[in-house]
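Starting from the known structure of chain A, fit chains B and C onto it as the hints suggest.
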Amino acid sequence: MVIKAVWIIVLPIVAFIIGIFFLGLQRKIIARIHRRYGPPIYQPIIDVIKLINQESISHGKLFDMGVILSLAGSIILVLFIPFGEIAPLSGSGDFLVVLYLMLLVPLGIALSGGEGANPNISIGISRKMMLSLGYEVPFLFSILAVMTYYKTTSLVKVVGFQQSSLWGIIHLPLPAIAYFMILPAMLEMRPFDIVSAPQEIASGPAVEYGGRYLALTTIEHAFHIFIVIALFVDLFLGGGNPFTFFVKMLVVFLLGLFIHAVFPRFRIDQAIKYCWKWPTILALAGLIIARII
Amino acid sequence: MEKLKDEIASIFKEIKVNIAQDTKLIISAKKEQVLNLLRFLKDKGYNHLALISCVDWIEEKEFELVYILGSYLEKGGKGHIILKTRIHRKKPKFKTIIPIFENAEPYEREIHELFGVDFEGHPRLTHLFLERDYKIPPFRKDFDTREYVKEVFEKIPFVEDKK
Amino acid sequence: MDRTNIKKWLKTPDKMGQKYSLWAVYFCTGCGIIEIPPVITSRWDAERFGVIPVATPRQANLFLITGYVSLKTLKAIIRTYELMPDPKYTVGFGSCPINGGMYWDSYNTIKHLDKYIPVDGWIAGCMPRPEAIFIAVTHLWTMIDKEMATGYKRYKENYEYYRHNQERLFGKLEWPPLYPINEEKTEGEGN
Chain A
1 MVIKAVWIIV LPIVAFIIGI FFLGLQRKII ARIHRRYGPP IYQPIIDVIK LINQESISHG
61 KLFDMGVILS LAGSIILVLF IPFGEIAPLS GSGDFLVVLY LMLLVPLGIA LSGGEGANPN
121 ISIGISRKMM LSLGYEVPFL FSILAVMTYY KTTSLVKVVG FQQSSLWGII HLPLPAIAYF
181 MILPAMLEMR PFDIVSAPQE IASGPAVEYG GRYLALTTIE HAFHIFIVIA LFVDLFLGGG
241 NPFTFFVKML VVFLLGLFIH AVFPRFRIDQ AIKYCWKWPT ILALAGLIIA RII
Chain B
294 MEKLKDEIAS IFKEIKVNIA QDTKLIISAK KEQVLNLLRF LKDKGYNHLA LISCVDWIEE
354 KEFELVYILG SYLEKGGKGH IILKTRIHRK KPKFKTIIPI FENAEPYERE IHELFGVDFE
414 GHPRLTHLFL ERDYKIPPFR KDFDTREYVK EVFEKIPFVE DKK
Chain C
457 MDRTNIKKWL KTPDKMGQKY SLWAVYFCTG CGIIEIPPVI TSRWDAERFG VIPVATPRQA
517 NLFLITGYVS LKTLKAIIRT YELMPDPKYT VGFGSCPING GMYWDSYNTI KHLDKYIPVD
577 GWIAGCMPRP EAIFIAVTHL WTMIDKEMAT GYKRYKENYE YYRHNQERLF GKLEWPPLYP
637 INEEKTEGEG N
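Protein chains in written order, with this note's numbering: chain A, 1 to 293; chain B, 294 to 456; chain C, 457 to 647.
Don't take every hint at face value.
Listed below are the simulated DSS-like cross-link pairs for lysine-lysine, each with C-alpha atoms no more than 25 Å apart in a straight line [to be verified]:
1) Lys455/B x Lys463/C
2) Lys612/C x Lys428/B
3) Lys628/C x Lys448/B
4) Lys609/C x Lys428/B
5) Lys528/C x Lys443/B
6) Lys467/C x Lys448/B
7) Lys309/B x Lys337/B
Incomplete in silico selection of chain C near chain A, CB under 10 Å [as the list claims (entries may be wrong)]:
8) Lys475
9) Phe505
10) Asp601
11) Gln622
Worth flagging that the hints you see were computed from the coordinates, not collected in a lab.
Each residue gets a CB set at the ideal place from its N, CA and C atoms; glycine is no exception.
Okay, chain A solo, but in the shape it has when bound (with noise of 0.2 Å):
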């Protein structure tokens, strides 16, 4: 009991060390791509040490509370994803929290974003909520296959299945490249980055964002590239001890990078489009052939 309690605090703190250092190795690897020299790796612990010290205005009580509600969500959500063999939360039912969970992200989003008097908020979160609905579809039958094969809703029993025999991506090969091909949706990296784009709508949700608003959604972002990877280690590469998990996660970061760097931005009718076309088909296949096996 007493080394749950404690994982229950410290897990948090782990989550947010590798978040904030996959977002500066996310700013040095593209500044090395183009073939300059980037800030250190340690730039957005800089950039939330100030943006904490700095003035703050705000709209009313809901903009506070739409924020710390996203990041709420977030932290509770990590400790419900086990990181190697430390699962403080999960039980039987992990799944259907998680899918829950997830949801508590753009809603903090948008509630705060009701309150602050900007047309920009309300254009980003409008396409904030139709990539939800883009991405969310193959995401759940993605999920419903793993949980079909193998015939729990704990993802404790699942990382265990894996580790005494293959990994997911052997077994259930068609729903793991589903999730990979929708990883950069559910991360707002580059080819899916409508949300905060700069160029077309000024920042979109965050447009109004002063100084420790957006210290919390730099955080937030943080645990949010944690949870999404750690979910696709788990599922389908078999986390084993921390550090294996953690070179595993790297390597997912890493591919999900590349194309981050090269590709431009869709609309959020081809977002949509390539959503529901062949991710889903692939996850749909996957489900059907795993509850046949």
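Below, chains B and C alone, put in the same frame as chain A:
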């Protein structure tokens, strides 16, 4: 171009026409004939109003309005037509050419703002570029820029001096 | 560049944070805007200093005013400056904000930017090179360390005088005053 020049010279009286550099037809007309001339030229195929400009002849006490027309289609002929008129400088007034060319509206607004020419019939003669009102419109030749700067901008004190 | 000096980070984290991540508002004034994209992109990289362009003034704390300021632009500059959150720094770029520059006798540009918004530093040149921008950023770091870059504090203390100067140019302004004004100080000055 030669045919057009002869045609204009035969139909309209009291104007001067000549051709420069083979592709520019320069017409000087009186101010009462301008609207008829523009309609005639538009029917001939010159249906693109490129520019309206204004020159300040301060010794002769006149403004000169210059209209430059071009044509999109090949059958209208190549080249530009430059049409000049003179109006007096004391209280300058002219008719607007929006019924003939609709895109003349911002050009006439600009000339009204910078030279002070009043166009009758223009729907919206408001500020286009400038933010203040000036006693003498700024592009006239008797507007002294150095005096204006001394009077308006240098009289505003620095904030450190006020304390 | 003492970005890795851990003792300083622990003593004054707010100053070190403001120094090494200056986010600049991407406001395109005048003719100096042609010098900003080379600074941001690959050849003269500004991101290694921590300077990135952001799209909205609410997220920014550095304002580069590049080039001449006409009267219409001044209205937009004042509104953008008042939207930025509090420790904010302004840098006048080019010779036109300093004393009018090439347009010293123009009827539509302002000659001294310092009368309308507070400016922390100037960069001379008719357009300065990108290396001059980097030297200015390092000078700004030294000024932040010694607490000499206090433009925003000056704006807050002397807001009546700044607003009076702005109203002398434009007549009545459409936006309400940012800080409350008490009426006694500006009565003695005739218009």
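Hints, one by one, checked against the model:
no., hint, in the structure
1, Lys455/B x Lys463/C, "42 Å, violated"
2, Lys612/C x Lys428/B, "36 Å, violated"
3, Lys628/C x Lys448/B, "18 Å, holds"
4, Lys609/C x Lys428/B, "39 Å, violated"
5, Lys528/C x Lys443/B, "20 Å, holds"
6, Lys467/C x Lys448/B, "46 Å, violated"
7, Lys309/B x Lys337/B, "19 Å, holds"
8, Lys475, "9 Å, holds"
9, Phe505, "8 Å, holds"
10, Asp601, "15 Å, violated"
11, Gln622, "21 Å, violated"
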